[in-house]
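Asks: Chain F is already provided as a structure; the job is to place chains V and D on it using the hints.
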Amino acid sequence: MTDKTLFLIPLLPLLCGALNVLFGMRLPRQLSQAIAVGGVASSTVLTLVLWPLSAGAGTHVTLFTWLDSGTLHVPVEILFDPLSASMTLMVTGVSTLIHLYAIGYMHRDADYARFFALLNLFVFAMLTIVLADNLLLLFLGWEGVGFCSYALIGFWYREEKNASAGRKAFLVTRVGDVFLGIALLWLFKLFGTLSISGINAGASQLAPHILTLLVVLLLLGACGKSAQLPLMTWLPDAMAGPTPVSALIHAATMVTAGVYLLCRLFPLVSLSSTGLALISAVGAVTAFYAATCALAQREIKKVLAYSTMSQVGYMFLGVGTGAVAGSMFHLFTHAFFKALLFMGAGCIIHLCGEENDIFKMGGLRKKSPLVFWLFLAGALCLAGAPLSSGFFSKDGLLAAAYAHGTPFYLTIYILGAFTALLTAIYTFRLLYLVFGGTSRFTGDLHGLPKLMTWPLIPLALIALFSGVLNLPEIFGGHQWLDHLLHAAGSGESHPLSHMQEWTLAGIATALFAIGWAVAHWRYSRFTPAQEKKAVLFFLHGWQADRLVHATLITPFAFLSRLFWQGADLAVIDGILESLGQGCQSAGERLRTLTTGRVSSYLASLAWGLLLFMLFFLLQVVQG
Amino acid sequence: MNPLSSLPILSLLIWLPLAGGLGCLFLRPVRHASRWIALGTTGVVFALTLFLFITGSSKNGWLFFEDHAWISRFGIRYTLGMDGLSLLMTLLTAFLLIVAVLISWQVSPYPDFFFSLLLLIECGIMGVFLSLDLVLFYLFWEIMLIPMFFLIGVWGHARRLYAAVKFFLFTLAGSLLMLLALISLYLLHGQQTGDYSFALSALIHTQIPPNLAWWLYGSFFVAFAVKVPLVPVHTWLPDAHTEAPTAGSVILAGILLKTGVYGLIRFGFPLFPGPAHASLPILAVLALAGIFYAAWIAYAQNDAKRLIAYSSVAHLGFVILGLAAWNLTALEGSILQMVNHGITTGALFSMVGMIDQRAHTREIARLGGLWTRVPVLGAFFLFFSLASLGLPGLNNFTGEILILLGTFTTHPVWAALALGGVVFAAIYMLRLVQGVLWGPTKGDEPWTDLSGREALVLIPLAILVLWLGLHPSTFLEPVREPVQLLLQGSMFPSMPGGMP
Amino acid sequence: MIVPLSHILGFSSALFVMGLACVLARRDLIMILIGIEIMLNAVGLALVGASAFWQKVDGQIFVIFLMAMTSAEVAISLAMVVYLRRQKATLDADAYDGMKG
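Residue numbers (my numbering), protein chains in the order written: chain F, 1 to 623; chain V, 1 to 500; chain D, 1 to 101.
In short, the hints are calculated from the structure, not lab data. All values derive from a computational prediction rather than experimental measurement. Be aware that one or more of the hints could be misleading.
Stated by the list, open to error - Selected chain V positions facing chain F (Cβ under 8 Å, derived; list incomplete):
{"no.": "1", "residue": "Ala300"}
{"no.": "2", "residue": "Gly420"}
{"no.": "3", "residue": "Leu430"}
{"no.": "4", "residue": "Gly439"}
{"no.": "5", "residue": "Leu486"}
{"no.": "6", "residue": "Leu487"}
We put the CB at the ideal spot given by N, CA and C, even for glycine.
Only chain F is shown next, with the shape it has when bound in the complex (with noise of 0.2 Å):
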């Protein structure tokens, strides 16, 4: 077996989302589907497979030159070390799950072909992302899933609303993705090559402003594919896309490209402490802006797409204090918790009968024991109970800010751990919601395809126990994450005596316990909300796509009116025309000399012709 099997990887998912394109249609549903899932499990056999190839270095291959221009040389090339290694296993192995997950949750709708195919294809697209070892492949990557992105947003497209969703997603993120074109142009210039495993070696060299402007666009790069600040609002409305959309690209993986971005280039990032402490600094902002948001929001989509929001703010700032390591671990223990959360909320979505809004759910423990156990796990997870994953990964990050001391990081620990309350609050705000108290719902309770419960079953096992993959060594663990992706680079590292660790261990668990207490003695009955103005302006985001409306999308649509009507029309072409119109008056005017009457024509001729003369007799007399 050749090293370049390991194109295989992002290739069968690829193959098998063109096979569903071109013949999709004309195939019965079964094979369609087996089609989709086996593309992406094969994926995941793969990788398993060929694991012991990341090790070390890792091993780069090549397959052939995309581009080619003088100096210019991008080969498409990937690099299977122990990061992408262990990101191209999460990617797969979720993506599996929610692929079984799909077929149960499609299994009504008739555009399964086209639904597997851009599933397949967004797979392909985010292992581009993580195994390229060349920016402008990555950036290939990039933007594919971008375009899968809003096309599974506007999956539903015969409402406009969900086609306007997948449209701003799109243009969000692409304004993220010029940055990220500008780092990555500039880098070309700096080194000449395109190469991340290059760049890396090479970023040493350079002067300390230009790699903090190259931080700084990079991050803004990340902000728009992982929803952080300034660059969020495109996620909440992303939720109108199908649930498994919103579990594999709006949780698990996509929104946390630009976590891995920056993980991939941390040699580069690392030598920025400008660089790194704003990308903390944005980190804790989102986190917390998320939380607030969070626990304002009436749909269950919408909450879970803030917590995201909010949990990548937390991976964010791990990156930004030098945990590349723990920030890697935050994203693997989120993508399974979430994607388990929201494909929990499919079911209990699809139990209610399409209904959306907790305040008129309730009661679903007793009616649904199974998918209340699940959701349970990942809540669990997601609010940092203790010994789950979470606690485990969330803990991390913000012991590792802490580490630093400095006031700057000691600031961001403090917002960090205000957000974890949040988090624990919103959490069983919506668990309360949802299951306790007795049922708000009007209608009976629909049955769910047996494919939506059980792929959900490991991944809520794997899910809660995967705090084992980088156990810290107080519980008694061997920190095997922090040893893999030593490799990967990692900042200075401030280690931290046991005793602060089991202090941070401390208030993290009792931040639950309070968040908990506060979200029990609030939810645990429900009362009718009362829609007070600081309850609409956490729900609707703190006004942000207000604000976007009215700077940036108002005074464009005026402007491209104003370019078309004023300028181009009236301007350019009323100058041309008042031209032509001109020369038309003109000639109007000396129409009117042609009479028409011999007589007129023959009194001219006779007056020119005494003109001549003058004149000849001038030039007699002068001569």
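Replies: Relative to the frame of chain F, chains V and D by itself:
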């Protein structure tokens, strides 16, 4: 040497379409003869160029060359030459002409005249891309114009006469300036050397006083800028595209616009290196203005065709930006982007034509929900729209990224600004896609999905989109040497047998 | 030369001016035509005179052509006059302003 080397193959490329055009007229009594003649002629021309491309693209220098005395009284010669750049352009022309013939298969009225005009245009374009004598070039330059005028004026939509006259006047105003300039260049060169000649190879050695050089370059530049078109002389284009029949739009956007860029590369820069290089920043400003201004306007359009027309102006802005950057990568990107734009925009115009045939409207507000009605057509539309907005892996991306990478190495600010234009492209393109494909269906009479003939047009275009997006080297290699020579300022590769 | 050139030229100019006056002053098509004939003959006279003066035959050849042309012109214009008269039942030149712009 290949067996075709004894044939005057370049002349064949030019005069075969003309012969086909005459054939269309003579065989008028035979029903449907003209479309088959047109298809046959364009097919043969395409086969010829494809053969040249396969056999000749790896060679250096002039791949083919023809030179005959023509009007020796004035030193006008019949000089044709083909290097990698012309090869790529003729290939694109021959390919898009087949597309144009196929999409106007059921044109009415006067199909014979229509097809003979199409073939006449092909004759003119081929001539423009192959001429190396300024008078010959000018002649073909005008030959392109006249059939296009009739194509728009006779087979166009509601405001066709306005559009046709506008197109004609804009282009003519530019090209007359060029005629004046080339005659003065001729006289100047004649006075200096005693050799009165219109040959490009001779005229590039003219010693032009700097002041005069600016005027002459300015005149050439205006002629080419109108054709490209650059802001602010672009306003003929939206009207012409909107009113032209589908085939006319495809040819206009796909090829005619490129003759402007080609003219700058082949004639403008080599003849007047001084002012051309000094004015590169102006060129860049105009390019950036085009990228943003046209994209901005495109967003406000209600007519799908007009939107795509404005998008052409924005895309050509990228091409011009690559010229302005004036280095190898950017120039190669520009040339590649010309091909890319020809293919995607040609495809999009064809598709709007197909939609128009079914919906009898091109107004975005009155379309919608096409995916439900005609999913295959919708999928193609989405595909080409994505290519147009520069999705990596599809063709426009490769051209744009080469241009941007090349530009950034010398002028970071230009490139960074231009990259912002990519967002604008996404904004208007997605608006178009949403208006046409998504949303509820309007009206409920059944539509037929893609017909076999339409698929025959779109599938090769789609394959090319992928090919150019994933393996552009096929098309980049032939232009490498011409671009290098251009950058060195020595226009002409040596030719066995020597230049006139 | 028996007659000095200046006399011939003077006479032909006088003749030309009379013809011109006829063309300008009269509105009847026939009279205008007659005026034109007079002017043509005046020119012919000048040409012959000049030819005799310079002892070159060109002028006389020219006059022969002129006469041939004049007769052709008269034939056509008279036919047209007949035709026009049938159209509008008048020979007033100002009545025919179909070429008005």
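Asks: So which hints don't hold here, by number, going up?
Replies: 5, 6
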